[in-house]
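Q: Following the hints, put chain U in place on chain X, whose structure we already have.
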Amino acid sequence: MLAYRQGDAGAFETLYARHKGPLYRFVLRAVRERGLAEELFQEIWMRVIEARSRYEARARFTTWLYTIAHHRLTDHWRKRRLRLVEIEDVDPPAPRGDEPEARTAGRQDLQRLASALAALPELQREAFLLHAEAGMSVAQIAEATGANEEAAKSRLRYALGKLRSALDHD
Amino acid sequence: MTEPERDPRILQAYGDLGHEAPPAALDAAILAAARRRGARWHVPVAAAAALVLAVGVALVVQREELRSNEEVALAPQVIATPEPAARREKLADARKLERTVPAAAPPAPVAASPAPLAEAAGRADQAPASAAARIAPQPAEDRAASVAGAVHKSDAVGKVQSPADWLKRIAELREAGRHQEADERLAGFRRRYPDYEIPEAMRARVLPR
Chain X
4 MLAYRQGDAG AFETLYARHK GPLYRFVLRA VRERGLAEEL FQEIWMRVIE ARSRYEARAR
64 FTTWLYTIAH HRLTDHWRKR RLRLVEIEDV DPPAPRGDEP EARTAGRQDL QRLASALAAL
124 PELQREAFLL HAEAGMSVAQ IAEATGANEE AAKSRLRYAL GKLRSALDHD
Chain U
40 MTEPERDPRI LQAYGDLGHE APPAALDAAI LAAARRRGAR WHVPVAAAAA LVLAVGVALV
100 VQREELRSNE EVALAPQVIA TPEPAARREK LADARKLERT VPAAAPPAPV AASPAPLAEA
160 AGRADQAPAS AAARIAPQPA EDRAASVAGA VHKSDAVGKV QSPADWLKRI AELREAGRHQ
220 EADERLAGFR RRYPDYEIPE AMRARVLPR
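Line order of the protein sequences matches chains X and U.
With positions in the first sequence counted from 1, the corresponding number in this note's numbering is that position plus 3.
With positions in the second sequence counted from 1, the corresponding number in this note's numbering is that position plus 39.
The shape of chain X in the complex, shown without the other chains (with noise of 0.2 angstroms):
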């Protein structure tokens, strides 16, 4: 990010490239719309392009970013009011192995999960998020979302809880 604030367009070009998937999921989840998550996408990059003058090496360039992510969807639920219902769009894919059964199984475990995690809360779906898609420890959820780390280790663990739970349904 130092490179391309120094106006290193490659080196903006190699960070998108590394962090594009899981912060498209992430909003994805998170929102649960594919137009308005590319819209939320878009606009989350362009806040980046747009602060790389006040981008400081003091966090790591993953809390930064998601930081900026976790702003712009609070202001969308806000906003918009979002209330957590099931769904939308999500078709899990059928999971890998050749047996029918295990096939039908594997995809009611998606299926469960998938309505778990829309159904968690929106502050603990996006610790999970946070943990799964960028691969971030409590201290640094609690950095991105500007909360004390006992409530984002909180968040964070009863997400998992929740989401345990519905894999173990039978």
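Rather than coming from a laboratory, the hints here were simulated on the basis of the structure.
Please note: incorrect hints may appear among the correct ones.
What the hints assert, rightly or not - If you want the footprint, here are the derived chain X segments under chain U, 3+ residues with CB under 8 angstroms:
no.	stretch
1	25-34
2	43-55
3	72-80
4	109-117
5	129-141
6	158-164
Unchecked claim - Cβ pair distances, simulated, as ranges:
no.	chain 1	residue 1	chain 2	residue 2	range
7	U	Leu-246	X	Ala-20	12 to 20 angstroms
8	X	Leu-39	U	Ala-97	31 to 39 angstroms
9	U	Asp-46	X	Gly-13	34 to 42 angstroms
Think of the CB as a built atom: it goes at the ideal place given N, C-alpha and C, for glycine as much as any other residue.
A: Relative to chain X, chain U alone:
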């Protein structure tokens, strides 16, 4: 701070939900915006650098011209200051010089003490026409030859650029595509040598294109 226990099964199942990626058109739009903003960042810097360079070159050129003009302007003062007897001799010398030096080879540039640029510019503007401006026209070749000779004499006492060198420098600037500098130098040349007829061969190389 202890981390919640990692659950590979959850992360594996989550990974199986899919690895969606942004559409290629969105990638292209974002990368293009990043390049544009990056360009915006760089263009002013490059423009500022070019401007600084241009101003620097212009100041050097202007200083050179002012120095030359100052030398011309000082010439009558040098002639006017001596005592009457010496003055008559000097005037006679000066008239002799006028006959042989049409293009204002300035006699005493070394005697002039350095003056601020603005003051020098003012003097140059108010300076009487040089001796060269008052003489009868001569064929161009003769004038060029006599000017070159006079300048050669001037070189012995001070740094004065000969018309040929001056024109050569203008031609070099034109060839390098630095037409603005060439125009400025040509204007300075015209002020310095108002009656100098540029040889035909040099004309195409130094005149504005």
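Q: Starting from the hint list further up, note which numbers the structure goes against and sort them upward.
A: Result: hints 3, 7, 8 break, sorted rising.
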